[in-house]
Amino acid sequence: MTPTLGHYLAVSGLLFIIGLAGVILRRNIIIIFMCLELMLNAANLSLVAFSRFNVNVAGLPNYNGQVLVFFVITVAAAEVAVGLAIIVALFRARQTIHVEDLNSLKF
Amino acid sequence: MQLVLFWVFALLMLVFGAAVVFLRSPVSSALSLVVSLVFMAALFVTLDAFFIGVVQVLVYAGAVMVLFLFIIMLLDLRVERPRRLNIGAWTGGGLVVFGFVGLLGKVLSSELGFDMEKPPVSTQISDASAVGLMLFRYFNLPFQIIGVLLLVATVGVVVLSKKELK
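Line order of the protein sequences matches chains V and Z.
So in our numbering, spot 34 of the first sequence is number 34, and the numbers just go up one at a time.
Whatever position you read off the second sequence (first residue = 1), add 107 for our numbering.
There may be inaccurate statements among the hints.
Within a straight-line C-alpha distance of at most 30 Å, the following computed BS3-like cross-link-like pairs (lysine-lysine) qualify [to be verified]:
#1 Z/K270 / V/K106
#2 Z/K213 / Z/K225
#3 Z/K269 / V/K106
Just so you know, the hints here were simulated from the structure itself, not pulled from any lab data.
Bear in mind the structure is a predicted one, so any value in this text is a computation, not a measurement.
Hey, can you work out the whole structure from these sequences and the hints?
Here is the structure:
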């Protein structure tokens with residue numbers, strides 16, 4: 001018995017839901033940021049799963065999906081660097097990382 | 108055997124992913140995220156994506172999470188004090204989350220061929236060289252653009268972390 005495509009998609013969807021719940025329910029901006037990483041990873045898992053289950057005539061997986069995952073990982077690394085720099089600048093200005101204390105842009 | 112390994116990796120990954128959301132201390136959250144990412148790399152290996160698995164461990168579980176832990180310790184964050192619960196936000200968030208769960212169940216139970224077994228793959232070419240060929244042959248321009256993006260991000264971080272913005 002090997003895992004089917006549905007298994008991988010279910011795990012990926014559940015991980016996405018966990019990340020979404022964290023983004024919506026947590027109030028600590030660093031943890032919100034980590035949950036965003038979880039959601040990106042969930043998307044990566046489904047991309048790799050689709051790549052593996054789409055085999056061409058030569059018996060090779062469709063590597064387009066894996067190249068896309070490579071790009072997603074790179075962009076996520078850049079995003080984390082910039083985001084954490086913004087958080088540090090924010091903390092220096094306001095001494096807090098609680099999102100309910102950061103409401104000066106709120107209408 | 109493969110199914111057992113899949114369930115072990117997937118369940119551990121989901122448990123540690125849920126721990127990221129539910130633990131109160133940011134350091135514990137970050138460490139459970141590391142474990143979750145390592146199990147994700149194991150899942151990539153079960154999909155024969157060895158290169159992506161290695162990149163996942165090196166870049167995500169290594170570099171990115173060190174950055175997170177470094178910032179958490181630099182800011183000296185304590186366990187957050189429990190605050191008054193915002194009932195509206197929790198019910199709204201709960202509705203969205205349960206809507207997503209329902210949608211996921213509905214999609215996966217539909218007849219779209221999700222019960223497909225893993226087709227066999229040839230192991231003639233190694234995984235890393237196939238991804239590399241694809242990357243440099245068909246995705247060369249995006250690759251260059253990603254390089255520029257990383258440069259711009261680095262410059263932006265340096266500008267953002269200066270003491271005073273002029």
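A quick look at each hint next to the structure:
{"no.": "1", "hint": "Z/K270 / V/K106", "verdict": "holds, 26 Å"}
{"no.": "2", "hint": "Z/K213 / Z/K225", "verdict": "holds, 23 Å"}
{"no.": "3", "hint": "Z/K269 / V/K106", "verdict": "holds, 27 Å"}
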